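**Student:** Residue numbers (the working numbering), protein chains in the order written: chain A, 1 to 116; chain B, 1 to 115.
There could be a bad hint or two in this list.
[What the hints assert, rightly or not] Computed from the model, here is a short list of chain B residues facing chain A with C-beta under 8 Å:
| hint | residue |
| --- | --- |
| 1 | Y25 |
| 2 | I34 |
| 3 | K42 |
| 4 | P44 |
| 5 | D49 |
| 6 | G59 |
| 7 | L103 |
| 8 | G108 |
[Stated by the list, open to error] Below, computed lysine to aspartate or glutamate pairings styled on EDC-like, alpha-carbon distance capped at 20 Å:
| hint | chain 1 | residue 1 | chain 2 | residue 2 |
| --- | --- | --- | --- | --- |
| 9 | B | K107 | A | E44 |
| 10 | B | K110 | B | E15 |
| 11 | B | K68 | B | D31 |
| 12 | B | K42 | A | E44 |
| 13 | B | K42 | A | E11 |
| 14 | A | K78 | A | E14 |
| 15 | A | K24 | A | E11 |
| 16 | B | K71 | B | D31 |
| 17 | A | K68 | A | E44 |
| 18 | A | K78 | A | E18 |
| 19 | B | K110 | A | E44 |
No lab work stands behind these hints: they were computed from the structure.
All of these numbers come straight from a predicted model, not from anything done at the bench.
We put the beta carbon where it would ideally sit given N, CA and C, even for glycine.
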Amino acid sequence: DAGVIQSPRHEVTEMGQEVTLRCKPISGHNSLFWYRQTMMRGLELLIYFNNNVPIDDSGMPEDRFSAKMPNASFSTLKIQPSEPRDSAVYFCASSQWRMEGNSPLHFGNGTRLTVT
Amino acid sequence: GESVGLHLPTLSVQEGDNSIINCAYSNSASDYFIWYKQESGKGPQFIIDIRSNMDKRQGQRVTVLLNKTVKHLSLQIAATQPGDSAVYFCAGVGGYGGSQGNLIFGKGTKLSVKP
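Pulled out of the complex, with its shape left as it was, chain A reads as follows (with noise of 0.2 Å):
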């Protein structure tokens, strides 16, 4: 089981510019979610996936803020223009989600996005 995959593991980018990150889930985990961790504000839900499909965003910063899941195998949260505040450690997660009951996220390794 090779786990939750994100990538890059770093970025340092110049405020204003894009960021990309990426997930691939766990394979037949049918829920993605994506988190951010700060000192300040601890693990933060962005948004979540199910089968596909963006079922609440609601913890998306602003408009800066996009995430997308084309296919079961892959997601995207990309910022622009990004800013130094965007500095953090951005969390995928994956996770089978059941009508029977919830079942525990597994967590990638993170990707930490330095803004200057």
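Once you have looked at the hints, place chain B on chain A.
**Tutor:** Positioned in the frame of chain A, the structure of chain B alone reads:
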């Protein structure tokens, strides 16, 4: 200006001792809880979960206890090892049958194991 970071509660234990990490939740309708371990530079790692129809669940060296009366959750680690040093998060689904999108994370507790 200088930013103030989130100061995590810290639990310091001696290697070989048992550790107990506590978590309180506010939503009495929450029906599913998870404990995660996060090591430096890594994502949160699933440890153990429990549903609200149980009050105890055991894994390998770990036990989760759920007290719905006082809305309290605890993680017990037996014979704590240096490799257990990490930040531990509890998380709960907010509301009966709630979607995993409603998973709410606690602020975390830092466990430090002294050799």
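**Student:** Are K78 of chain A and E18 of chain A close enough, with their CA atoms no more than 20 Å apart?
**Tutor:** 7 Å, holds
**Student:** Please check whether L103 of chain B passes as an interface residue: C-beta within 8 Å of a C-beta belonging to chain A.
**Tutor:** Nearest chain A Cβ about 7 Å off; hint holds.
**Student:** Quick one, is the D49 of chain B hint okay against chain A at 8 Å, beta carbons?
**Tutor:** Constraint on D49 of chain B satisfied, holds at 5 Å.
**Student:** Checking hints one by one. Is K42 of chain B an interface residue toward chain A, by the C-beta closer than 8 Å rule?
**Tutor:** 5 Å, holds
**Student:** Is the shortest C-beta separation between G108 of chain B and chain A less than 8 Å?
**Tutor:** 7 Å, holds
**Student:** Tell me if the straight-line CA distance from K78 of chain A to E14 of chain A falls inside 20 Å.
**Tutor:** Answer holds: K78 of chain A to E14 of chain A is near 15 Å, not above 20 Å.
**Student:** If you draw a straight line from the CA of K68 of chain A to the CA of E44 of chain A, is it 20 Å or shorter?
**Tutor:** 18 Å, holds
**Student:** Checking one constraint from the list: CA of K42 of chain B to CA of E11 of chain A, max 20 Å. Satisfied?
**Tutor:** Measuring from Cα to Cα gives roughly 16 Å; hence the hint holds.
**Student:** Verify the proposed pairing of K68 of chain B with D31 of chain B, using a straight-line Cα cut of 20 Å.
**Tutor:** 10 Å, holds
**Student:** A closest beta-carbon separation below 8 Å is what the hint needs, so does G59 of chain B meet it against chain A?
**Tutor:** 12 Å, violated
**Student:** Below or equal to 20 Å on CA atoms is what counts here, so check K110 of chain B against E44 of chain A.
**Tutor:** This hinted pair holds, its Cα atoms lying about 19 Å apart.
**Student:** Given Y25 of chain B as an interface hint, is the shortest Cβ-Cβ distance to chain A below 8 Å?
**Tutor:** Since chain A brings no Cβ nearer than about 15 Å to Y25 of chain B, farther than 8 Å, the hint is violated.
Comparing the model with each earlier hint shows violations of hints 1 and 6; every other hint is respected.
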